[in-house]
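Chains as they are written, first to last, in my numbering: chain U, 1 to 371; chain V, 1 to 371.
Some clues are possibly wrong.
Any copy, or any two copies together, can satisfy a pair, since identical chains are not distinguished.
What the hints assert, rightly or not - Pairs of lysine-lysine residues, derived as BS3-like cross-links and limited to a Cα-Cα distance of at most 27 Å, are as follows:
id : residue 1 : residue 2
1  : Lys-212   : Lys-154
2  : Lys-364   : Lys-354
3  : Lys-223   : Lys-136
4  : Lys-340   : Lys-39
5  : Lys-58    : Lys-136
6  : Lys-340   : Lys-240
7  : Lys-39    : Lys-26
8  : Lys-181   : Lys-212
9  : Lys-236   : Lys-223
10 : Lys-221   : Lys-186
11 : Lys-39    : Lys-364
12 : Lys-154   : Lys-58
13 : Lys-223   : Lys-212
14 : Lys-58    : Lys-181
15 : Lys-58    : Lys-158
16 : Lys-354   : Lys-292
17 : Lys-354   : Lys-269
18 : Lys-270   : Lys-58
No lab work stands behind these hints, which were simulated from the structure alone.
There are 2 protein chains.
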Amino acid sequence: MSRRLDVPERILLGPGPSNVDPRVLKAMSTPLVGHLDPKFLEIMDETMELLRFVFQTKNRLTIPISGTGSAGMETCLVNLIEPGDEVAVCVNGLFGERMADMASRCGGIVRRVEAEWGRIIEPRQVEEVLQSASPKLVAIVHAETSTGVLQPLKEISKLVHDSGALFLVDAVTSLGGCEVKVDELKIDACYSATQKCLSCPPGLSPVTVSEKAMDAIRGRKSKVRSWYLDLSLIEKYWSKDRVYHHTAPISMVYALHESLRIIAEEGLKKRFERHESNAEFLAESMASLGIKFWAQEGYRAPMINAVSIPEGIEDTRVRRLLLSEHNIEIGGGLGELAGKIWRIGLMGYSSQRKNVVLLSRALKEILRRAK
Amino acid sequence: MSRRLDVPERILLGPGPSNVDPRVLKAMSTPLVGHLDPKFLEIMDETMELLRFVFQTKNRLTIPISGTGSAGMETCLVNLIEPGDEVAVCVNGLFGERMADMASRCGGIVRRVEAEWGRIIEPRQVEEVLQSASPKLVAIVHAETSTGVLQPLKEISKLVHDSGALFLVDAVTSLGGCEVKVDELKIDACYSATQKCLSCPPGLSPVTVSEKAMDAIRGRKSKVRSWYLDLSLIEKYWSKDRVYHHTAPISMVYALHESLRIIAEEGLKKRFERHESNAEFLAESMASLGIKFWAQEGYRAPMINAVSIPEGIEDTRVRRLLLSEHNIEIGGGLGELAGKIWRIGLMGYSSQRKNVVLLSRALKEILRRAK
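Pulled out of the complex, with its shape left as it was, chain U reads as follows (with noise of 0.2 Å):
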């Protein structure tokens, strides 16, 4: 019925889960203590301070959400609107489309932001959408996995906030791999997830509140529609109080314990110059075999690169024999992307000057025998 675990030794450059530290893969081995346990919480505190210091927030809530980064993203919409709430949400990719999708299924009234795929959203478009309608949120991603764009927050965090509206980011690409902000750009709300630059597996989305948005929630009229993902009852479990509310994933705790250690050894400075540097050295191999990036000019995000698949290539077979041959991993195109671009990532651990150098030497080979 099923064999032994065996897998392939894979070289991860897509769009995530990255490469995960040996000392990562140890810690996840670490036997169960349980969620109780004296030695949990104070690995749950000091998880949350390191948490706290890579988003570089000295918000009290500060957590890892029990669930992928799509579930830390329910849990702030979730969380912050009340059915019939107007939402303003930036729809760029992919990420920004689930988003316009989830908050709808809360009950939120969705005034898109539109910008093509491919291009960052405008401080104006944001400004006109303040003007014509009153947003009790604004929510925006700011590493779009599907397209590679960086999107800059300060302006547009600023016309939110001296709107009076409460400011959403998605940082589940973005963290760990480049500055993250929160206090300073005033973020009230921001998510991410373990798999990307933190480097960390998949199954679990570290969150940050602000207080204005804490007390957003704790105004509701209506109860949170989702019990698992309510964080007026999981703050209870993650502060002094300890009241049980779900049994957190220990293990993966230990994991994402261990993850943001290494940041912290590293430090931030030094890791985002090394995502930088290594997106930069990623850009000349590319373009030394005439591949040429994808998204906006200016706004790209060093850790997950949008390249155009060169014309006359077969998209699935080249990936198919960079995995097979070489047991690389990259990213085809999402949705209206798929066969028009590759998506390289380069996350954390997987951001590695050699990864660069043996990707561009099977991708060399390979488009030579596709041609």
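We have chain U; now place chain V onto it with these hints.
Frame of chain U; chain V shown alone:
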């Protein structure tokens, strides 16, 4: 800011998590492959097949939800309930309460079928609610983790099906520790958790859904209120289509795969007998210490044993000493049972004769000093 992970070796005899077989811990540290990697798709298929074996079902949609047991509970309720639907929820413990809370958050009109905590729900109570109301769904907990009661399901299932309603069963604590015959009992939706009798770390919730229930989901008039838990989207990833929904918690699936293989190797019959005989041995051992079982006689769940705390004994002090001096975790009472009962779990890998010996010996010593 933080220290290297260094956790004590606990014997986990609480309400979950249970101890994990070293083979499962090893599986957790297997390097990652992508969530669309052909190798991972194989592992997904095998995991579904193994889950069908443990649930004793042929249901196609038999998958691990990417969250803990409560996420599985919410998955079943949020998919099966549309706003305005009548739902009968059996409440005789904390987890029945939780289902009632969730069902109302899903927009359901909840009809409560109540019994005292520690007693089973009688079939005639379900009969009554089916006569006085027209619930679309009847929900019940199989092994109530908060009280140690094992609920008979056969008669109730027949009543529910005769009425045309759907039958939802919480098998969080029972699955893998006693019979949960999904097909034979005509259960339409059933969820469990990995950290109880499956003896895998917490973080996934196995769920199985009948075709009748899937038809109800596909025929909904409104979108499922949760995007993350929307089974009509999730089933496209866990099928031949392999449509990306969210990134699967890969390492957790590795662990579940291995823990299910261990169950298949042991065999269900032998595994259930082991749980029975260790529970009997515990009952004898507790009797010799003058400690009485608390749950209704004849309906005691072998994997979660609720016992009365002897008079004059301070609950938390005893549990603290068990943990600090003997590295043994047992559970306290929840809600109204706090301070009145202990909950001794003998689940999966933790259900070992030697653990009963060690616990009895340690309790004897502590109780002697406490008097």
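Which hints, by number, does the structure contradict?
-> none
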